[in-house]
Structure formats: C-alpha cells, structure tokens
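Colleague: Take the sequences, apply the hints, and build the full model.
Those protein sequence lines, which keep their order, are chains A and B. Heads up, the first sequence is in the numbering used here, so the first residue is 1 and it goes up one at a time. Heads up, the second sequence is in the numbering used here, so the first residue is 1 and it goes up one at a time.
These are computed hints drawn from the structure, not numbers from a lab. Hints should not be assumed to be uniformly reliable.
Straight-line distance between alpha carbons at most 35 Å, and here's what the computed DSBU-like set of lysine-lysine pairs gives [said to hold, decoys possible]: (1) LYS20(B) <-> LYS43(B); (2) LYS114(A) <-> LYS180(B); (3) LYS40(B) <-> LYS20(B); (4) LYS61(B) <-> LYS264(A); (5) LYS43(B) <-> LYS61(A); (6) LYS61(B) <-> LYS40(A); (7) LYS61(A) <-> LYS61(B); (8) LYS20(A) <-> LYS6(B); (9) LYS114(A) <-> LYS20(A); (10) LYS114(A) <-> LYS43(A); (11) LYS20(B) <-> LYS6(B); (12) LYS311(B) <-> LYS114(A); (13) LYS114(B) <-> LYS114(A); (14) LYS264(B) <-> LYS20(A); (15) LYS228(A) <-> LYS40(B); (16) LYS61(B) <-> LYS43(B); (17) LYS264(B) <-> LYS114(B); (18) LYS228(A) <-> LYS264(A); (19) LYS6(A) <-> LYS228(B); (20) LYS20(B) <-> LYS61(A); (21) LYS40(A) <-> LYS6(A); (22) LYS180(A) <-> LYS6(A); (23) LYS311(B) <-> LYS264(B); (24) LYS20(A) <-> LYS43(A); (25) LYS40(A) <-> LYS61(A); (26) LYS6(B) <-> LYS114(A); (27) LYS20(B) <-> LYS114(B); (28) LYS114(A) <-> LYS228(B); (29) LYS6(A) <-> LYS180(B); (30) LYS40(A) <-> LYS114(B); (31) LYS228(B) <-> LYS264(A); (32) LYS43(A) <-> LYS114(B); (33) LYS20(A) <-> LYS40(B); (34) LYS114(B) <-> LYS40(B); (35) LYS114(A) <-> LYS180(A); (36) LYS6(B) <-> LYS180(B); (37) LYS20(A) <-> LYS6(A); (38) LYS311(B) <-> LYS6(A); (39) LYS6(B) <-> LYS43(B); (40) LYS180(B) <-> LYS114(B).
Since we're looking at a predicted model, the values are computed, not measured.
Number of protein chains: 2
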Amino acid sequence: MASRAKATILDIAREAGVSKSTVSLVLQGSGLIRPETASKVRKAIEDVGYVYNRGAANLRKAHSNVIGMVINDLTNPFFAELAVGMERVFQAAGVVPFIANTAENPVRQEEVLKSLMEQGVAGLIVSPARGTVPGAFRRIEAAGVPIVFAMRRLPESRIPVIAPDNRRGAFIATEHLIGKGHRRLAFFGGSSDLVVYQERMGGFIEACEAFNIPATGRLIVEGETSRKGGMACLDTALAASQPPTAALCFNDAVAFGVMLALRKRGLEAGTDFAVVGFDDVAEAEHYMPALTSVAVDTAGLGERAAHVMLKMIQSRTTRAEDHIGAVNLVVRESSGPDRGKQDIAAGDAA
Amino acid sequence: MASRAKATILDIAREAGVSKSTVSLVLQGSGLIRPETASKVRKAIEDVGYVYNRGAANLRKAHSNVIGMVINDLTNPFFAELAVGMERVFQAAGVVPFIANTAENPVRQEEVLKSLMEQGVAGLIVSPARGTVPGAFRRIEAAGVPIVFAMRRLPESRIPVIAPDNRRGAFIATEHLIGKGHRRLAFFGGSSDLVVYQERMGGFIEACEAFNIPATGRLIVEGETSRKGGMACLDTALAASQPPTAALCFNDAVAFGVMLALRKRGLEAGTDFAVVGFDDVAEAEHYMPALTSVAVDTAGLGERAAHVMLKMIQSRTTRAEDHIGAVNLVVRESSGPDRGKQDIAAGDAA
DNA sequence: GCCTATAAATGGAACGTTCCAATAAATCAA
DNA sequence: TTGATTTATTGGAACGTTCCATTTATAGGC
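Modeller: Written out as structure tokens, the structure reads:
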C-alpha cells in the first residue's frame, strides 16, 4: 500500500482529465471552476491520496499560513493556558499554530527561531527566554516577519507586547497584605534580568512606599521561579533577624513552594504567614490552603496576542500597539484573615 | 532596514563572487569547498541577512527535518512532561519538533495532521484524541510517513506504541490498597472509549480477582479525566449503599479532584479514604497530603518515543516495535496507613 | 613540458506549485 | 451570421533550492 512516489497536482490532473491549472484552482476554492469539474477533481484527489505540498506553493505565494509560537517553559501550566487561548483564535481563522519550546534556553531559542523562519512562518508569537540578548530578533524584524511578545518584553525593543499590568497587579496585592495589617513584607522569587520581575517588584515597592512601609520593613529575595525556588526564598527570609510576616511571590509556582516550605516547618499559610501569588493558574484555586493570587486572564491575553498577530499579517505591517491586560486580585485563604486594625489610609494610586 | 525582497542563494552568490552551487554546498557543510571560500560565503550570508528556504530545498530533497508532535491536551502537565522528554532527544539530533495541540478534539486533530503533512514532516508522534476513528491515520500511513503513538493506542492499528504498562500499574496499585486492608474498592474516572482506560481498569479488576475481592466490593465510576471529574466520582461513590473506602484513580488529575471533594466533606485523604493516582506528575509529590501514584517515567517514555522515531526515519521504515515502559508505585500519604486486620466492614465513611 | 589525477567550482535541469496571459466554448446583441 | 462579451479552462514561466555532469585550476609523475 505504500504509494511509490508522492502524487502531485499533475497526477491528479491526469486522473481527472483536466489541466494542472484547473486542479490548482480547485485546491484554492476558486469560483471560476464549474462545480461538476471541481467535484471530479476532488474525487481524484481522494482516490489518489494526494497531499498538498505547501512548500512548493509558498515558493510562489510567499505567505504561508503557519504561525509559530515560541514558549519559554511549556511545563509551566501558565504558558499552556496562554497557548490554549491563542489556539482558540487561530483555529477560528483556519490557521495552525506550531508551538516550540525553548526551555528557557537562549541558544535553543535561537535554533527554534531559525527553524521556524526557514519554514517560512507568517508570524511569530514569542515569550522570550531569560537571557535573550537585545539583538536576538533583529534579523527576523529585518526579514519583515511580524513578531509579538507575549507576557515578557525585552529591555529595549519596539516589538509590540501583550502582557498583564504587572506593576498594578503587584501593587494591589501588596496593598491587600498591608490592609491585613502586615508591616514586614517580602517579595519572593524571580531575578532582575527579567523585565517582568522589575515591574512586579516595582509595584511592590511602590505600594510599600505609598503606605509607609519603611525600607527596613521590606525584604527582597531573588530566586528561581519554581517551587524549589520558593522554598529557598522562605528559608532565607525566616533566617533574617526581623523576618517578614507576609510575602508577595513572583508567580504562583514560587508561592506553592513557599507554602510547601511553611508546611515543612509546621506553619500554615494564611494563619502563620500570608502568601500571595501571581498569575492565578488553575491550580491556585484548588490548593490547600487556596492561594490568593493576582489573576491576569491568561487565556484572554493569548487570544489578544493571536488577534494582534492576525491583524499584523493581514495589514502587512510589523508594528502594533502594546496591550496591557487588566489584572485583579483573587482573595482566597492563603493571605489569611485580617490582622488587627487595618488603617488602610489613602486611596489607591494609579 | 526592511530588506526589499528576500535574499536568495543567488544574491549571496553574487555578493560572495561565487556560483549558487557553491553557496548551496557551503550551506550543507560540504567538505568539497575550500575553507576560505566557505567563510567568504558565510560572511555574505551574514551581511545580507539571508534566510534559508527549506520549502524550496525540500522540493528536491524530499526529507525535511521537522517532526510533528500532536498532543491531545497540552494543559495536562503530564503531556508537557512527555513533550519535554522528546525535545531533549530531538535537540541532540538537531531536529526541531513542532508541537500542535488537538484539545481532545478529533476534528481539530484532523486539521492539525493535514497541516503537518502539507508542511512535509518527516515523522509524527501522536497522542491521539479521544474518539479518533480507526481509519484516521490511514492516509498518513499510505504516504509512508512514520508515526508512533505515545501513551495512547488506537483499538486496531499496526502503528507502534510507546506507553507505560498500564495494566501492571493498576494491578500493583490495587494490590497496595488491598494490602492496606481495604475490601471495598473503587476505580474512578476515565471512560471506556479509551484503550488506556480499559487497560488500567483491567488491571484493577484483575487484582481484585487475584485477591478475592468480590464483585460487590468493587465500584467503577466513569467520569471526566480532570479534577472536576474526580470530584463528581467521589460524590457518586459515597452515595452508594456500601461506599468504598479506597479508590484507584484513572490519573492524577482525577485523584486531585477526589482529594478536593473529600476535603469539602471534611474528610481527609489517607486517613478517612485512601486515594491512589496514576502518572505521578510532578505535583503529586507536593500535594497535601502527598499523593500515592503510579510513576510511569513520563519523560523517559518521551525520550524513547523520540528515539524510535529517529530510527524509523533513518531506516526509512514505517514499522517499529511497541515499547511498554516499566511502572512503579510511589507510596506517599494519600493511601493512608495500614489498616491492619481491623475489619473495615464497620464503615467509617459518610 | 605533457599527461593524468585530484580538488574546487559551476551551469542547468528538476522539484510541485501559482498566476498571468491566452485560448476555447458558450452566450448574447445586432 | 458576425462580432463582442462572458465563462471555463489551459500552457508556460517563475519561485529557491539540490545534485548531476561538467569545466577549470592545481598538483604530481615522468
């Protein structure tokens, strides 16, 4: 049953008794072809088991229908949710996105981007790996392939970004903790080479200043953005002379780690130490205790990114506006009950 | 800086003052070219910002270096782990796998496969969506493109499968529960249209029979393979006249749901009701209480699948042997302490 | 010097599509 | 009937590569 040589448009033309041009037209759903002829052709396609060769077609057409999604960590459910949101949109548009994982490795990212470009993608949605050098996308930009960054941005770059309002998210989360009466706060996880980190941490600091938490009441512990990293952060923090009573975590994975480490010490998140996460992954709601987290509407951002991409492709432009998604704090158990007299003074800023 | 028209091999030939053939040879790393010439060419490539057109190349070469990974549910961390295992192998082989998600939808799967085929993939690693019809891969097989199934198999098909020993895993997990003194057992989640389900459920029944659990002591509750499905299963089971005291779950997601539902009722997994999962995702270890689960070495299976695929491509064959991976039970807290000889007939549940 | 062997580089056909310009067939206006 | 118009179909060049068969340059043997 192994077909000898792949059937081409010519084979099916012969089979159907028409010219290759006619077959091509049918393939493209052109209305110029008489319906009977078209169905004759379609039957031949079916009989022969023909598969369309998009590579050959792109040689002439120059715009493929494949879009690449380059993701820095597929094992983080957060990114899977993002991918799912995008796929919803692309599916409706009849586009198949190909996902590639960079595992947070800039070298791998380079390979992946190269391969995607060679494949002739129509556009790229990228969540860049840590340590991506500023010029990493210059060649792609020069080639005129539209790119949008999702969730993460690069320090200096004109590439449009779809991301949540990290600063504000961190601000309201911090405000929430202060409102509960905490006066010694920590920010756990992440590292300063990530713009997202600077935004989230910036929001944390901003809120501390807005509500008069002195610098001595703030502890910043960098760390891996994983459970393990979170565990390490807590250990470091509790070893301080004036340990914090609450922490805003870089993301939910770190928060889960912190809660785990608390449990190891016989402490409970919420009652003994307040924990707030960021991203609000599906798991947050089901954790024990349930995690208070900043919801960023991940799937929604994915959809938005996909829409922007489709528009860029359609209008053949390489620019688009940034889109900063609204965030909101989902309060659950891990941030604990109120602690005494909350004098949540002045209203919230920006 | 937007290059007017894409540079081709001819442009860079002109730039470097050689012929297109020479450039082609350099691109392929042929040793026939004098090193100085080669580096001259490479410089031109760099200067012009040339991107290789793999579509055009495949027109002649007929074997691309892209491998498609078609996955039925990317949001399940289990599959992400599988994908990561495969990527490790492919990266070492200089191949970039493109991942596509079918979201457990056979229609979407059809589209995705079509697109991948049109793209000229060298091979396909597939975890088929539920409800995939038996003939879904006939055309791909006929086209001579190697396929391997990962984790799931189709009822009747000669396509090689890489999967864990589901039957044995379920058997030892059930044996474990029986060994702890349980005499009324349940199997939660999944549905019979999945071969995996039949294997796992089969192992469960087999163990029950081997250890003389009467049919009245076994409860089978089908359900969605998600947390939500697990919650529903527990509710159904506890409403029975003779509710079970322990459950083997179709997978970890179901097990997490069961634990959640227990907690909602004020019961605790491990002490009030024994729960065992399947797959041993990373989260299992960190859950509260930690989940006893059947470890299947997900990433290892991914690596194996990738190896088999590479070998099939290399030897231009479309057949390979199945590979059934070893499993082992990781005992944690959720399956509880030994129940000793106490006759649990005096039920404690609900 | 000449012939041969080896090394390095090259021209041209082919791959499977698309799309333009051209043809053939059918319809209509007079 | 004839010419003009519309509708359906078609041939051929082009797209950017690879690879075979050649050509050209370099070296070696005598």
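Colleague: Look at each hint and say if it fits the structure.
Modeller: Hint check:
| no. | hint | verdict |
| --- | --- | --- |
| 1 | LYS20(B) <-> LYS43(B) | 15 Å, holds |
| 2 | LYS114(A) <-> LYS180(B) | 55 Å, violated |
| 3 | LYS40(B) <-> LYS20(B) | 13 Å, holds |
| 4 | LYS61(B) <-> LYS264(A) | 58 Å, violated |
| 5 | LYS43(B) <-> LYS61(A) | 29 Å, holds |
| 6 | LYS61(B) <-> LYS40(A) | 31 Å, holds |
| 7 | LYS61(A) <-> LYS61(B) | 20 Å, holds |
| 8 | LYS20(A) <-> LYS6(B) | 28 Å, holds |
| 9 | LYS114(A) <-> LYS20(A) | 34 Å, holds |
| 10 | LYS114(A) <-> LYS43(A) | 38 Å, violated |
| 11 | LYS20(B) <-> LYS6(B) | 16 Å, holds |
| 12 | LYS311(B) <-> LYS114(A) | 25 Å, holds |
| 13 | LYS114(B) <-> LYS114(A) | 23 Å, holds |
| 14 | LYS264(B) <-> LYS20(A) | 66 Å, violated |
| 15 | LYS228(A) <-> LYS40(B) | 48 Å, violated |
| 16 | LYS61(B) <-> LYS43(B) | 25 Å, holds |
| 17 | LYS264(B) <-> LYS114(B) | 45 Å, violated |
| 18 | LYS228(A) <-> LYS264(A) | 13 Å, holds |
| 19 | LYS6(A) <-> LYS228(B) | 46 Å, violated |
| 20 | LYS20(B) <-> LYS61(A) | 23 Å, holds |
| 21 | LYS40(A) <-> LYS6(A) | 20 Å, holds |
| 22 | LYS180(A) <-> LYS6(A) | 69 Å, violated |
| 23 | LYS311(B) <-> LYS264(B) | 50 Å, violated |
| 24 | LYS20(A) <-> LYS43(A) | 15 Å, holds |
| 25 | LYS40(A) <-> LYS61(A) | 26 Å, holds |
| 26 | LYS6(B) <-> LYS114(A) | 15 Å, holds |
| 27 | LYS20(B) <-> LYS114(B) | 34 Å, holds |
| 28 | LYS114(A) <-> LYS228(B) | 41 Å, violated |
| 29 | LYS6(A) <-> LYS180(B) | 59 Å, violated |
| 30 | LYS40(A) <-> LYS114(B) | 21 Å, holds |
| 31 | LYS228(B) <-> LYS264(A) | 28 Å, holds |
| 32 | LYS43(A) <-> LYS114(B) | 17 Å, holds |
| 33 | LYS20(A) <-> LYS40(B) | 42 Å, violated |
| 34 | LYS114(B) <-> LYS40(B) | 41 Å, violated |
| 35 | LYS114(A) <-> LYS180(A) | 50 Å, violated |
| 36 | LYS6(B) <-> LYS180(B) | 69 Å, violated |
| 37 | LYS20(A) <-> LYS6(A) | 16 Å, holds |
| 38 | LYS311(B) <-> LYS6(A) | 22 Å, holds |
| 39 | LYS6(B) <-> LYS43(B) | 17 Å, holds |
| 40 | LYS180(B) <-> LYS114(B) | 50 Å, violated |
In this structure, the earlier hints numbered 2, 4, 10, 14, 15, 17, 19, 22, 23, 28, 29, 33, 34, 35, 36 and 40 are contradicted, and the remaining ones agree with it.
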